[in-house]
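Novice: Sequence:
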Amino acid sequence: MEQTKPFYDLSIAYNKDDSVMRALLNELVELGYKTIAIDQSFDHSKKEAGKRGSEMFPEPHKIEHLRKEFQNKLRILQRITILYVDVNVAHAMSVSQNLRKFNLIAGQPKTDAALTHCCTTFNGDLISFDPVAGSRLSVNRKAYLVAVRRGLFFEIKYAPAIADSNNRKDIIKIAQNYCTKGKSKNIIFSSGAAHEFQLRGPYDVANLAFIFGLSEDQGKNAVDRHCRQLFLRAESRRIGKTIMFVKGNGPIVFSGSSEDDHSEEDDDMEDLETQIGGEDESETKNENKQSNKRLKMA
Numbered sequence: 001m002e003q004t005k006p007f008y009d010l011s012i013a014y015n016k017d018d019s020v021m022r023a024l025l026n027e028l029v030e031l032g033y034k035t036i037a038i039d040q041s042f043d044h045s046k047k048e049a050g051k052r053g054s055e056m057f058p059e060p061h062k063i064e065h066l067r068k069e070f071q072n073k074l075r076i077l078q079r080i081t082i083l084y085v086d087v088n089v090a091h092a093m094s095v096s097q098n099l100r101k102f103n104l105i106a107g108q109p110k111t112d113a114a115l116t117h118c119c120t121t122f123n124g125d126l127i128s129f130d131p132v133a134g135s136r137l138s139v140n141r142k143a144y145l146v147a148v149r150r151g152l153f154f155e156i157k158y159a160p161a162i163a164d165s166n167n168r169k170d171i172i173k174i175a176q177n178y179c180t181k182g183k184s185k186n187i188i189f190s191s192g193a194a195h196e197f198q199l200r201g202p203y204d205v206a207n208l209a210f211i212f213g214l215s216e217d218q219g220k221n222a223v224d225r226h227c228r229q230l231f232l233r234a235e236s237r238r239i240g241k242t243i244m245f246v247k248g249n250g251p252i253v254f255s256g257s258s259e260d261d262h263s264e265e266d267d268d269m270e271d272l273e274t275q276i277g278g279e280d281e282s283e284t285k286n287e288n289k290q291s292n293k294r295l296k297m298a
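Numbering of the sequence shown is given in the UniProt record's numbering, commencing with residue 1 and proceeding in unit increments.
Watch out, some of these pointers could steer you wrong.
Okay, derived cross-link-like pairs now, DSS-like style, lysine-lysine, Cα gap no bigger than 27 angstroms in a straight line [what the hints assert, rightly or not]: (1) K142 <-> K101; (2) K181 <-> K34; (3) K110 <-> K46; (4) K142 <-> K185; (5) K73 <-> K5; (6) K173 <-> K220; (7) K220 <-> K34; (8) K220 <-> K5; (9) K110 <-> K181.
Calculated from the structure, these hints are not laboratory results.
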């Protein structure tokens, strides 16, 4: 499994113009992001009636040239956001081969029934919303908790709030609904940016937690730990059930966090162990000297 590093922005709008995409990616590098996802949308509600049972979803866009260009700077994932209104999307997803080529699958329901289905049955990784019409939908507490138990995450995009004040009100309303119904569990922040001027740094994005009703720790996790957990869940969905045997000569530590996580407590423990080890060695040397003196006296 490929590794990812913080910070994360899992919604960057795809643009056919490579110059626009390069400007976005360069700005993300400057702001300190390491893992991003290029998003493309598909409206399942506009499907043709005669295509039931066949491949409905598009293939991922060709971005290999961008991956090679930013190989040592960014980990670029591919994501698809499915807009839908009814449960028929489940059958189309089950027979699709193109969906397996995407790293992340997000659902964007258009109706209350579709939102309930997205929380309880949707075979994806992420629940998104329309910044314009999303405030009309209200998730209930039961469906929210079911989604959390299933390991799904809820996405809040901040770029539409920068572009339009009306969207800002709708986004805050949606975030407050998440806070009321589910205590803002499993929330991630992403930009949804289509232009480089709509991007903000990860620490500025984490501070949006105070506006959206999240705690300080939840705001930090929304751009780091929760995104990492979302990636791991998506990889397990793609790979399926696997069995792994791990054999090591020393202690093995399992962690679901990013590679760069190393707390101050770990440093303190290492210093403490070094001090204790030094004291033990000095005590051992003193005991050996005393025993040698006794032998000489004898």
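Novice: Evaluate each hint against the coordinates.
Specialist: Going through the hints against the structure:
1. K142 <-> K101: violated (32 angstroms)
2. K181 <-> K34: violated (32 angstroms)
3. K110 <-> K46: The given pair, whose Cα atoms are some 12 angstroms apart, holds under the 27 angstroms limit.
4. K142 <-> K185: holds (13 angstroms)
5. K73 <-> K5: holds (11 angstroms)
6. K173 <-> K220: holds (21 angstroms)
7. K220 <-> K34: This hinted pair holds, its Cα atoms lying about 15 angstroms apart.
8. K220 <-> K5: Distance of about 14 angstroms is within 27 angstroms: holds.
9. K110 <-> K181: Since the Cα atoms of K110 and K181 sit roughly 19 angstroms apart, the hinted pair holds (cutoff 27 angstroms).
This entry does not satisfy hints 1 and 2, going by the numbered hints stated previously.
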